[in-house]
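**Student:** These are the residues of each chain, in order.
2 protein chains.
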Amino acid sequence: VFSESVSDHVIRQVCLSSGDTPQAISTCLHPALIPVEVSLAYRFFTLMLPLLCFCHRYDLLSLYFLLQSCPATQPSMLNVHLVPHTHDDVGWLKTVDQYYYGDRNDIQHAGVQYILDSVLEQLLADPTRRFIYVETAFFFRWWRQQDSATRKAVTMLVNEGRLEFVNGGWCMSDEATTHYSAVIDQMTLGLRFLNDTFGACGRPRVAWHIDPFGHAREHASMFAQMGYDGFFFGRLDYQDKARRIRDKDMEMVWRASESLTPPTADLFTGVLPNGYNPPAGFCWDQSCNDPPIRDDPNLEDYNVDNVAKMYRTNHIIMTMGSDFQYENANLWYKNMDKLIRYVNAKQSQGSKVNVLYSTPSCYLQGLHQANLTWSVKMDDFFPYADGPHDFWTGYFTSRPALKRYERLSNSLLQVCNQLEVLGGPNSRKGPYGEGDSDTLQEAMSVAQHHDAVSGTEKQHVANDYAKRLARGWAHCEVLGSRPSTTPAGRLKELDLSFQRLNISVICLSIIWPVRLPVNGSDYMVLQPHGQVLDSQVSLIMAASSIMVSHCYAIKRSVRIFVSSLLKGTQEVGFQPGYNASDGNSADSNQPSGAYIFRPNSSTPIIVSQTAKTYTLKNSVVQEVQQEFSPWVSQVVRLYWGSRELELEWTVGPIPVEDSLGKEVITRLDTNINSSGYFYTDSNGREMLERRKDFRPTWDLKQSEPVAGNYYPINSRIYIKDKVNQLTAVTDRSQGASSLQDGSLEIMLHRRLLYDDVRGVGEPLSEPGDDNKGLVVRGRLLLALTPPKDAADIHRPLAEALVLEPLLAFQTGELHPNTILEFSGLQASLPPAVHLLTLSQWDQESVLLRLEHQFQVTESPTNSQPVTVNLKKLFSTLEVVGVSEMNLSANQWKDEMNRFDWKTSGGIVTFSTGNTNEKGIFGMCQSCLHKCEVF
Amino acid sequence: VFSESVSDHVIRQVCLSSGDTPQAISTCLHPALIPVEVSLAYRFFTLMLPLLCFCHRYDLLSLYFLLQSCPATQPSMLNVHLVPHTHDDVGWLKTVDQYYYGDRNDIQHAGVQYILDSVLEQLLADPTRRFIYVETAFFFRWWRQQDSATRKAVTMLVNEGRLEFVNGGWCMSDEATTHYSAVIDQMTLGLRFLNDTFGACGRPRVAWHIDPFGHAREHASMFAQMGYDGFFFGRLDYQDKARRIRDKDMEMVWRASESLTPPTADLFTGVLPNGYNPPAGFCWDQSCNDPPIRDDPNLEDYNVDNVAKMYRTNHIIMTMGSDFQYENANLWYKNMDKLIRYVNAKQSQGSKVNVLYSTPSCYLQGLHQANLTWSVKMDDFFPYADGPHDFWTGYFTSRPALKRYERLSNSLLQVCNQLEVLGGPNSRKGPYGEGDSDTLQEAMSVAQHHDAVSGTEKQHVANDYAKRLARGWAHCEVLGSRPSTTPAGRLKELDLSFQRLNISVICLSIIWPVRLPVNGSDYMVLQPHGQVLDSQVSLIMAASSIMVSHCYAIKRSVRIFVSSLLKGTQEVGFQPGYNASDGNSADSNQPSGAYIFRPNSSTPIIVSQTAKTYTLKNSVVQEVQQEFSPWVSQVVRLYWGSRELELEWTVGPIPVEDSLGKEVITRLDTNINSSGYFYTDSNGREMLERRKDFRPTWDLKQSEPVAGNYYPINSRIYIKDKVNQLTAVTDRSQGASSLQDGSLEIMLHRRLLYDDVRGVGEPLSEPGDDNKGLVVRGRLLLALTPPKDAADIHRPLAEALVLEPLLAFQTGELHPNTILEFSGLQASLPPAVHLLTLSQWDQESVLLRLEHQFQVTESPTNSQPVTVNLKKLFSTLEVVGVSEMNLSANQWKDEMNRFDWKTSGGIVTFSTGNTNEKGIFGMCQSCLHKCEVF
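Chains B and U are the protein sequences, given in the same order. First residue of the first sequence: 1, per the working numbering; consecutive thereafter. First residue of the second sequence: 1, per the working numbering; consecutive thereafter.
Bear in mind the hints are in silico, worked out from the structure with no lab data behind them. Please note: incorrect hints may appear among the correct ones.
Simulated coverage check for chain U against chain B, where a stretch passes if three residues somewhere in it have a Cβ under 8 Å from a Cβ of chain B [stated by the list, open to error]: (1) 669 to 682; (2) 777 to 791.
Covered stretches of chain U (in silico footprint by chain B; criterion: 3 or more residues with CB under 8 Å from a CB of chain B, positions within the stretch not fixed) [claimed, not checked]: (3) 106 to 112; (4) 117 to 125.
Computed from a predicted structure; not experimentally measured. We treat Cβ as the ideally placed atom computed from N, Cα and C, and that holds for glycine.
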């Protein structure tokens with residue numbers, strides 16, 4: 001019997017065979033059996049279960065090139081690593097396709113197809129030149145259009161290390177407003193393409209988040225578990241950066257998890273010297289105006305000493321590129337060639353500066369060889385400010401409807417993936433056209449971009465992201481409506497009209513009320529076996545109208561797996577708001593905008609001290625509908641049998657006739673003695689302690705008492721004292737804070753009249769369907785518990801809200817053979833375990849991620865190892881073997897061999913410990929293991 | 001005895017051996033003897049005189065490729081010739097070097113080095129792609145920096161017709177403000193480089209003046225005599241263009257000389273459909289915002305029928321490019337590839353449109369093969385207007401100081417060239433460094449550009465042109481100061497401090513007063529043999545101060561070859577001016593600017609009705625100094641023995657404190673009954689009849705009564721009746737008109753407060769040395785004669801003023817052996833003959849151009865053939881052989897074989913008549929003639 005123990009807070013990935021005919025598979029299937037018991041240490045597995053093993057042997061020739069590939073450096077000189085790069089937003093001022101093709105250059109000149117064309121030419125022209133590429137969303141589009149000769153040339157460049165992929169996800173994800181579930185998916189999509197296309201030498205060694213506006217600890221943790229050796233970024237708080245420059249602390253080891261044993265979540269992290277731009281005067285892109293280097297002897301070189309004194313080794317890195325640069329790479333390379341030639345020529349006159357084409361990996365190798373002891377970073381890099389009144393905390397909430405749609409789409413994507421697995425390899429073909437999960441997977445991966453779900457894109461681009469998601473929904477609907485060909489042959493004629501409904505959910509493991517809009521009042525809800533379920537028809541209040549809503553199930557085949565209602569009480573809820581600064585103040589002219597939150601006063605305006613209220617109490621629910629103003633209302637609900645209070649808020653259209661932008665918050669005031677502390681999640685997973693007007697690593701000079709205390713929440717925020725903990729679980733990413741003891745505030749919606757001068761060039765004023773301003777509705781679930789019990793409530797609650805069950809509808813009479821109840825699992829999973837991913841990998845394998853979702857000490861019962869028997873997990877899949885992979889499923893777990901770094905806390909080594917140089921190249925090994933099958 | 005007859009108005013070019021040791025020479029020396037007597041027909045010769053003949057055999061392989069090189073067209077379809085091109089101004093908003101390197105991209109994004117890099121890559125990538133290149137000033141810079149592999153690749157592209165040079169001069173010269181002498185020089189410089197580098201296949205077949213602001217007939221005449229088969233341009237009067245579109249008369253034969261027998265000066269001329277831009281929506285350069293072609297089937301194609309109906313054959317030309325485009329040629333070619341592929345794919349569905357990569361030569365070949373009869377154009381294309389109130393007649397005068405400096409530099413260049421010839425091949429090396437004429441030749445060639453001497457560049461670029469000329473002067477000065485190593489060994493220690501003096505001249509063939517600034521009043525002027533020359537010291541009035549000036553020669557070795565003074569009388573002279581429109585008028589918001597002249601009233605403002613006057617009368621001169629205002633003054637001079645009245649005007653700083661720009665004219669009012677007619681030169685050579693409010697080829701709707709009647713003058717303007725002719729000869733290019741009978745007006749200076757929105761982006765307000773506004777001084781020479789005698793006066797007068805003798809100075813005592821008098825000619829040339837060019841071609845040959853400067857009927861005596869005996873022409877050079885070349889010296893005269901065109905006046909053929917297709921490829925013949933030497 002094969003069984004698997006899933007420990008605290010561990011996400012597991014398992015490639016499972018779906019039992020079909022064996023065929024050659026494109027990845028190297030490693031046969032190592034996973035251990036039956038796994039330690040509590042926070043790490044990732046990938047388990048591969050082939051029926052037959054087809055090893056793809058990595059070319060030893062490419063290994064040779066890669067080992068040789070880093071350019072020689074001069075040990076006795078200052079080595080200046082020029083890193084030619086382009087930063088290609090997967091949508092921002094233009095849509096992703098407009099960026100790819102170079103369409104709408106009137107908005108911004110940018111065409112990624114030409115960048116890749118041009119860089120290829122230039123790399124082929126001179127073997128010393130190098131380039132890095134980041135965003136697989138673009139590279140994938142381009143690769144599809146290349147002929148075989150071009151593909152061969154690119155492959156050669158990759159094998160020789162001249163073209164290096166860094167980061168390599170589908171996009172460079174936002175770190176504040178993304179959920180780890182979607183980030184893992186988008187990284188997996190991009191890295192899989194690179195692995196399928198280039199093998200081991202295409203695997204990125206370095207994570208590269210040069211633009212995101214602040215950095216989440218969970219991202220660093222994920223990168224570590226994905227096998228990255230280092231991480232570089234450009235943006236951090238200006239005070240933090242000044243301190244790090246002063247203390248020569250620009251590079252460090254980030255210990256990114258409290259739960260995982262170091263160095264599992266340790267990630268070497270470097271702050272780049274010039275953001276991601278070239279040094280002043282050395283930008284030679286067509287989009288720059290710096291003077292070219294003329295062929296004359298009077299070259300004035302950059303004073304590299306200014307940079308060198310910020311860093312600790314005799315290596316410095318220079319990012320030679322910027323947004324959408326290298327469309328005409330000749331300009332860059334021609335001038336860098338001259339720079340290298342002329343500066344290095346001065347070595348014969350005693351200069352100690354050595355300039356070279358390099359890559360982040362080669363720079364990282366130089367740092368590693370320096371064998372220094374590095375400081376350890378334990379907290380995160382939020383919030384980001386680039387000036388005393390310039391806190392980038394507005395985007396935590398910008399475009400709340402898009403943020404919700406993204407979250408809901410993630411939920412659908414998981415359903416869609418699961419349907420493909422349950423349906424088997426042929427599940428994509430149906431009578432209503434071909435469906436697939438790929439379209440939604442790509443749309444979701446695009447939506448993780450740091451100008452997508454972040455809400456910092458132009459309006460037409462936001463519309464495009466939503467359109468892509470909607471197209472993904474359509475493809476999933478087709479998939480859902482196929483006549484089933486599942487192995488068990490039981491799921492038939494399932495019409496998943498997901499989009500027709502924007503309310504409520506179904507969940508296997510938690511009580512979940514279902515609310516549906518209906519006409520009339522005479523409905524009966526039946527359970528699968530025909531029992532009548534208690535339901536009520538009631539009035540609900542919309543923003544500007546009254547709509548009829550019901551808790552219901554109609555006779556005609558609505559599938560409700562579980563629906564029972566619990567009871568509780570709680571008193572909370574009203575919506576104050578901030579007026580946004582218009583930039584006219586004595587301190588600064590910074591207005592609030594898509595990125596930046598800057599209220600014109602630290603005291604919020606109360607929308608209304610009183611509300612029109614309507615109360616409802618029946619056998620299912622008791623609720624108070626509160627109308628604070630024509631554009632702010634709320635329903636406070638408590639279902640019988642439930643311990644959580646639901647706040648359903650409706651905000652909008654936010655009035656701006658008074659020429660003041662507004663940022664609407666909901667504030668929850670309690671008697672909890674929180675002492676300035678509060679706790680927010682990191683990408684929806686681990687919780688981080690926050691403290692008002694405080695940063696753990698430097699002496700904060702607080703200049704924005706509200707915006708400077710805002711943090712992103714993806715799933716929850718809480719305050720606590722010894723007796724009580726108030727936890728608010730949310731349905732989308734938002735900005736939140738605790739500005740007074742006992743108080744929590746969450747920003748719900750924003751409408752602004754000024755651009756905040758960070759490039760987007762539009763005020764954030766979403767038009768809504770009628771151009772009168774967007775109306776947004778959402779939910780907060782509140783739990784008031786003793787601190788020790790809190791996680792046992794909020795972990796499953798947040799899981800249910802994030803991966804929300806979806807309702808499916810079917811009209812007409814059911815086929816008599818229709819099975820009304822089905823589960824892909826043999827039994828419910830334990831409360832600590834979350835089935836994060838179940839998706840068809842290829843014809844012969846399935847990707848499974850299991851997650852232990854309790855942090856190390858948060859629950860006396862649930863923060864313990866749990867054992868899952870994989871053989872007995874699924875009701876329709878036979879698990880015949882398993883191999884463990886890294887988190888992003890592009891490397892065998894036992895071949896992960898990351899750099900070790902000495903830290904101020906002492907050296908820690910990987911359990912697979914290998915401290916030599918091969919770490920960074922460890923992936924380039926041939927796969928010669930003999931396969932074993934259970 | 002070898003002798004040569006130079007006929008009326010014929011410029012002759014002779015390559016002469018300087019008598020040094022024979023060496024291999026770079027061009028193919030053709031031995032054909034020129035005929036002893038030449039007909040009156042207006043045509044050009046080049047005479048080559050080698051000591052030994054070294055034939056450079058043109059590769060027959062390249063002939064083969066060129067014959068095959070035009071792409072196939074479809075006789076039954078509309079052939080759309082896509083002509084990929086870039087228009088690279090040799091200075092405009094940036095200097096020529098800034099444009100070459102891509103410096104100061106903050107002003108304008110443009111870097112020619114990258115354009116050529118990029119186009120080369122793209123041409124090599126696909127053999128169907130083509131490109132044309134125009135400006136040799138840039139191509140030369142780029143070629144110097146290429147390695148041998150690149151040069152070889154480029155040569156292959158040229159030989160295969162994939163890279164075609166068009167125009168090929170150093171620049172694309174201005175047509176309104178250039179003098180034919182300098183235009184011939186700059187074309188010769190550029191075409192020689194192409195010939196030396198690529199041989200016959202590098203010879204441009206098509207002249208290409210897509211941007212100049214109006215077109216001079218003399219330019220067409222020169223192009224015809226340089227061997228071009230056709231000429232294309234983009235700008236013509238909007239009314240003219242509308243008429244030509246309506247009448248399908250966009251292409252014609254331009255009969256560009258009254259004096260030359262057709263078809264010697266006939267040039268097939270085409271108006272391009274879109275200026276020089278691509279059709280709307282089809283611009284795919286990085287500088288454009290048109291959408292790229294996506295790879296989808298829904299391609300919307302351009303409605304080519306709209307263009308086709310303007311033209312007569314089944315060929316149309318599309319200029320695919322614009323200013324400084326193709327820096328990233330991949331964008332262009334990638335999308336044009338798709339355009340061609342998708343549009344031509346529709347032929348299988350019945351489409352009759354065939355799109356192809358082409359060149360102007362191949363398009364011209366298509367037109368020639370159509371064998372149609374074309375209309376004949378006899379006048380020119382001045383003035384150019386792009387709207388009713390938008391006459392581009394201001395630039396005729398813009399930057400008068402630069403225009404004068406350019407003209408004076410031309411004079412120096414001829415002196416410099418002649419000194420090199422007289423000094424022989426070693427003349428460039430001297431004790432004060434190495435001198436050369438190349439620097440000034442290049443600076444002068446750059447200055448002919450249509451945003452250089454035209455005055456339509458930014459101020460800093462105008463400064464750069466002047467700086468380049470000054471550098472050229474310095475190189476010539478070194479040349480002049482060498483210890484002479486002339487063949488005769490007689491010119492020694494000549495210190496040519498040309499730049500220290502900005503006044504007056506010396507001339508062999510005409511009386512020329514000399515004025516020099518001195519201190520004191522006690523000077524004696526000696527002739528070469530010691531005789532005292534009559535001279536006077538007098539006061540002259542400067543703009544804002546009184547300076548002492550003298551007609552003088554000091555004892556110390558000033559060489560004055562001739563100086564005697566004649567007598568006469570004339571009454572003329574005052575300076576009115578126009579206030580410039582600021583754009584605020586009911587008709588149009590067009591203001592005056594660097595390009596455009598638009599006075600705010602048709603009536604000029606009189607600066608002053610009265611003037612302070614000072615009179616002077618002595619044995620040399622009588623003069624009246626007139627001060628009309630502190631910023632307008634004039635000296636009216638009449639030298640004893642001279643028939644011409646000299647008006648020395650001083651204008652500036654033009655006051656603008658009243659917020660009105662001003663355009664200062666001088667107006668000469670007489671009783672001549674001119675009946676609306678007046679006459680202006682074309683590039684300083686043939687005279688054209690002008691008529692107020694009239695155009696010869698269309699029914700003019702005059703909308704600007706002043707600006708719409710302005711024409712460029714380069715050397716002279718006259719009015720006449722049966723009794724009198726008043727001719728004004730000028731010292732630089734200017735705008736001029738006759739707005740009332742008997743009146744002539746010439747614009748002298750302009751200072752404006754608004755940009756005229758044609759791209760230069762600066763108001764034309766020259767700062768002058770003190771930033772208070774530029775002061776300009778100049779001269780007009782007036783002759784009042786019977787019409788039949790006028791040319792006998794103004795032809796030599798204009799020659800003297802254009803190719804002004806230069807004064808040279810030497811301090812200290814003269815070496816006893818110094819020869820005080822020297823002439824390179826054995827005797828003076830006949831009055832009709834002008835030695836236009838005498839320059840060292842290479843170590844073994846000298847280029848000579850002789851010009852007959854009298855138009856066909858203008859002088860009873862001088863408009864007759866004249867015989868010059870070349871053997872007896874020079875005092876220090878032995879002429880041992882001679883071959884005739886085309887005007888630009890890049891083709892043997894007897895190998896010129898241009899296309900014949902049928903015209904509405906009947907077919908005319910060349911005397912070397914050959915009507916078959918080989919015309920356009922005639923140059924690609926091997927040179928196998930046996931050399932013959934006298």
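**Student:** Apply the coverage criterion to the region 777 to 791 of chain U and chain B: a residue qualifies when its Cβ sits closer than 8 Å to a Cβ of the chain, and three qualifying residues are needed.
**Tutor:** Coverage by chain B is violated for the region 777 to 791 of chain U (0 residues, Cβ < 8 Å).
**Student:** How about the region 117 to 125 of chain U: do at least three of its residues have a C-beta closer than 8 Å to a C-beta of chain B?
**Tutor:** That given contact holds, which follows from 3 residues of the region 117 to 125 of chain U lying within Cβ reach (below 8 Å) of chain B.
**Student:** Are there three or more residues in the region 669 to 682 of chain U whose C-beta lies within less than 8 Å of some C-beta in chain B?
**Tutor:** Coverage by chain B is violated for the region 669 to 682 of chain U (0 residues, Cβ < 8 Å).
**Student:** Would you say the region 106 to 112 of chain U counts as covered by chain B, given the rule of at least 3 residues with C-beta under 8 Å?
**Tutor:** Holds, because 3 residues of the region 106 to 112 of chain U bring their Cβ atoms closer than 8 Å to Cβ atoms of chain B.
Going through the hint list in order, the structure does not satisfy hints 1, 2.
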